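Chemist: So you can see what is in the structure, the chains are spelled out below.
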Amino acid sequence: AQSVTQLGSHVSVSEGALVLLRCNYSSSVPPYLFWYVQYPNQGLQLLLKYTTGATLVKGINGFEAEFKKSETSFHLTKPSAHMSDAAEYFCAVNKTYSSASKIIFGSGTRLSIRP
Amino acid sequence: DAGVIQSPRHEVTEMGQEVTLRCKPISGHNSLFWYRQTMMRGLELLIYFNNNVPIDDSGMPEDRFSAKMPNASFSTLKIQPSEPRDSAVYFCASSPGLKETQYFGPGTRLLVL
Chain F
1 AQSVTQLGSH
11 VSVSEGALVL
21 LRCNYSSSVP
31 PYLFWYVQYP
41 NQGLQLLLKY
51 TTGATLVKGI
61 NGFEAEFKKS
71 ETSFHLTKPS
81 AHMSDAAEYF
91 CAVNKTYSSA
101 SKIIFGSGTR
111 LSIRP
Chain Z
116 DAGVIQSPRH
126 EVTEMGQEVT
136 LRCKPISGHN
146 SLFWYRQTMM
156 RGLELLIYFN
166 NNVPIDDSGM
176 PEDRFSAKMP
186 NASFSTLKIQ
196 PSEPRDSAVY
206 FCASSPGLKE
216 TQYFGPGTRL
226 LVL
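Residue numbers (this note's numbering), protein chains in the order written: chain F, 1 to 115; chain Z, 116 to 228.
Isolated chain F, as found in the complex:
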C-alpha cells in the first residue's frame, strides 16, 4: 500500500540557509509524488509534483525536489530560506487501486525561519 513518511515534524533554519525537508514513500507501483505548502489559516497549495520523466522537479518559490527511486525518497530543498517560507509542508503520494485513486498526505513538517 502507498504511504509517505515525513521525517521531522518541525524544522528550523536561519534566513539564507539551505532548507531540506525529508519525505520517504512506499509504493508498489510508480508513484505520483507531491509537495504542498500550507500558510497559516489557509488551505494547501501545490509546490511541485513528480509524475514521470525528469527526476528533478522545480516548483514555485524556488523550491525543488528530487525523486530517487533507489532511496524511495522525494526530499524538498531550497538553497536559501526566506522569512516568507515559514509554513507547514506536506508530502503526498497518489494511491491507485482498481479504477480509483486518492492522494495520501504525510503528517506535515512545520518550517520555521530564524532571522
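Just so you know, these hints were derived from the structure itself, not from any lab.
Bear in mind that the values here come from a model prediction, so they are computed numbers and not experimental data.
One should not assume that every hint holds.
To be verified - So the derived label-pair ranges between C-beta atoms look like this:
id, chain 1, residue 1, chain 2, residue 2, range
1, Z, F189, F, K68, 39 to 47 Å
2, Z, E129, F, Q45, 27 to 35 Å
3, Z, E198, F, T55, 40 to 48 Å
4, F, G62, Z, P123, 30 to 38 Å
Beta carbons are placed, not taken as given, at the ideal position from N, Cα and C, and that holds for glycine.
Given chain F, work out where chain Z should sit, using these hints.
Modeler: Chain Z alone, transformed into the frame defined by chain F:
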C-alpha cells in the same frame, strides 16, 4: 477563476446541532475531496467524488457524517448531530481528475461547544 469556494468560513455551534458545510469546486473540475484537519490527527481525507459520484467514503468517521454532490458545482458535508470532537478545520478541494493536482479551498473552521 475564483478558486474553490467554501462556506461558511467559521461556524460555532452547540453539541447536538446539525452542521452543514458547503463547497463550490472550480468550474470544469471532475473530482472533489473533503478533508478534516486537526492538531491531533493531521490532515484526513473523509470522502471524495468523481463526476458527482462518491468513490471512497472510508474516511468518514461515523454515520453522523454524510456528504452529497447533487451536481458538478456544489457539494455539502453534513454532521448530525455534532459533537465537540468534530471541532476541526474542514477543507474542500477539487481537481481536473483523480490523479491531478488538487486545489484547496480556504477551509471552514468548526467549533462545537
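Chemist: List, from low to high, the hint numbers that the structure doesn't satisfy.
Modeler: none
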